[in-house]
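> Chains as they are written, first to last, in the numbering used here: chain A, 1 to 192; chain B, 1 to 287.
Simulated from the structure, these hints should not be mistaken for lab results.
It cannot be assumed that every hint is accurate.
As the list claims (entries may be wrong) - Result set (BS3-like, lysine-lysine): computed pairs, CA atoms no more than 27 Å apart in a straight line:
hint : chain 1 : residue 1 : chain 2 : residue 2
1    : B       : Lys151    : A       : Lys25
2    : A       : Lys23     : B       : Lys239
3    : B       : Lys239    : A       : Lys95
4    : B       : Lys281    : B       : Lys151
5    : B       : Lys239    : A       : Lys100
6    : B       : Lys226    : B       : Lys239
7    : A       : Lys56     : B       : Lys226
Model, not experiment: these values are computed from the prediction.
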Amino acid sequence: MASNRVAASLPRIGVTIGHVPQKLKTGGIEPSRRARLEVLRRIVTRTVREERVELKWNRAVEARPYLERLIQLGVERGPLDEYTSEMMDWWLPEKDLITKMHEVIVPRFQNRESPFTSLFRLPPQRLQQYIQNKREVWKRYDIGVLEIDGNPFPPVQAENQEQSNSILDALLSDALRNHHITLQEKLETSAK
Amino acid sequence: MFRPAAREVVKLPTRFFSCKSEPTRAAPAKKSTRKELAGLIPAFPEIYPDFLQSPVWNRRNALKEELERQDMLERRMNIDIPEFYVGSIVAVTSSDRNLGSKEHRFVGICIRREKEGLLHQFTLRNTIENIGVEVMYDLYNPTIKKIETLKLEKRLDSDLTYLVDALPEYSTFDFHMEPQAHPAGTPIPVNEVKVKLKNPPWTRRWEILSYRGIEDTWTQATPWFKRKLHKTLVNDYEKYDLIANYRTGSTKEQEVFVQEQMQKFEKERHAAGLTRRRILKSAASHK
Chain A
1 MASNRVAASL PRIGVTIGHV PQKLKTGGIE PSRRARLEVL RRIVTRTVRE ERVELKWNRA
61 VEARPYLERL IQLGVERGPL DEYTSEMMDW WLPEKDLITK MHEVIVPRFQ NRESPFTSLF
121 RLPPQRLQQY IQNKREVWKR YDIGVLEIDG NPFPPVQAEN QEQSNSILDA LLSDALRNHH
181 ITLQEKLETS AK
Chain B
1 MFRPAAREVV KLPTRFFSCK SEPTRAAPAK KSTRKELAGL IPAFPEIYPD FLQSPVWNRR
61 NALKEELERQ DMLERRMNID IPEFYVGSIV AVTSSDRNLG SKEHRFVGIC IRREKEGLLH
121 QFTLRNTIEN IGVEVMYDLY NPTIKKIETL KLEKRLDSDL TYLVDALPEY STFDFHMEPQ
181 AHPAGTPIPV NEVKVKLKNP PWTRRWEILS YRGIEDTWTQ ATPWFKRKLH KTLVNDYEKY
241 DLIANYRTGS TKEQEVFVQE QMQKFEKERH AAGLTRRRIL KSAASHK
């Protein structure tokens, strides 16, 4: 409503985004839309700093599109854009992170399409909350791992290993591998 | 030839995830499509708000949009709908069988453009005999004979509803105004006039809605309003909610899709030799 939009629209974000913003527990801050943004800002800042963070699942899902959009702004519009720099200033209150964003994270995604982040679900954790009249109260937490792609850590999800030990499977996979190698060699010789 | 390989078996912990989220491999490196496609307009959502999708996600229906778009393009082949913005001065000639001249011409400043698709509306405002008059037109109403942009410009805001509470001089325009040509290829001028409002009470609380085109609402407000404003939440931080904007806005992919469809439609009609009218055009990006 307020002001004229000048810049061209941004591409869509390749991440699931619900059509209703979810309420987040804000831990002490009076619950409001402002508090929700503050929680998300802390998560985004932490993710940019650490590149892989373990969060409650719903928070990770909610913070992911914000992180995506921030990276997308850097990729599409660059650091000199007014809107981008305003958003970066607010979402990354630690100034070294803005430098990191523009010089480390954004160059990774110059020729890539969204999504720029990954989200994995870890097994739920059961934690004891308190003991009331010898009654133990436990709570279950869904845990997610949010990470920026291309980070230096080992992958969260291992590649699918060849599980089978049967001779037929072993022979077939070797034959396929040899076939690929010979194809590669043929291509190389034809290129020369 | 057979090359037996030492089958290195590295046991990495494999875990099966039950989530639908895309892991890293789901985002393969693609060739960048960031180059600007030829003939596409960067300011498309402003010039063609009627071709955008609904801001409410569950009202977006691809088939409905497609059918409506075809009707809109057909209509645009029959009537020249010029480029205009909120803040431009527009003249609309519509047929009216009850008048002697059988047609009615209204000139005014465009204060609103709302709704998508065939139901797109725009509102013109003018002061006639010291009475403010607002006329809401359906853009695709078949009784509209002619739409002219007399002065192509923007204001600081994309909604000028507050002119209803402004002094009448800000919404008074001459009915015999000469059309001012906009030099092609130059950016659309922004009229940075700041409007003075009448004394409150107003129809809406303009002072808290962060309009840029209103001059100093705070000093004009009466003490009663100031006390009320004091209790009100100030929502300055809402502009930082990146995804709230995304939820209601349009995406580049959709805009490119619609523009390519419009170009194709134009090309077909031109090839058939029926018309030379152009639908997709922009004064600012004209070459």
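> Work down the list of hints and note, for each, if the structure agrees.
Okay, the hints, checked on the actual structure:
1. The hinted pair formed by Lys151 (chain B) and Lys25 (chain A) fails the criterion: a straight-line CA distance of about 51 Å is larger than 27 Å.
2. A hinted pair counts as satisfied when its Cα atoms are at most 27 Å apart, and Lys23 (chain A) with Lys239 (chain B) qualifies at roughly 18 Å.
3. Taking the CA atoms of Lys239 (chain B) and Lys95 (chain A), the gap is about 20 Å. The hint holds against a cut of 27 Å.
4. For a cut-off of 27 Å, the pair hint linking Lys281 (chain B) to Lys151 (chain B) stands: about 17 Å separates their Cα positions.
5. For the hint pairing Lys239 (chain B) with Lys100 (chain A), the CA-to-CA distance comes to about 24 Å; that is within 27 Å, so the pair holds.
6. About 24 Å separates the Cα atoms of Lys226 (chain B) and Lys239 (chain B), which keeps this hinted pair within 27 Å; it holds.
7. Under the criterion of a C-alpha separation no larger than 27 Å, the hint pairing Lys56 (chain A) with Lys226 (chain B) is inconsistent with the structure, at around 43 Å.
The structure fails hints 1 and 7 (numbered hints given earlier, in ascending order).
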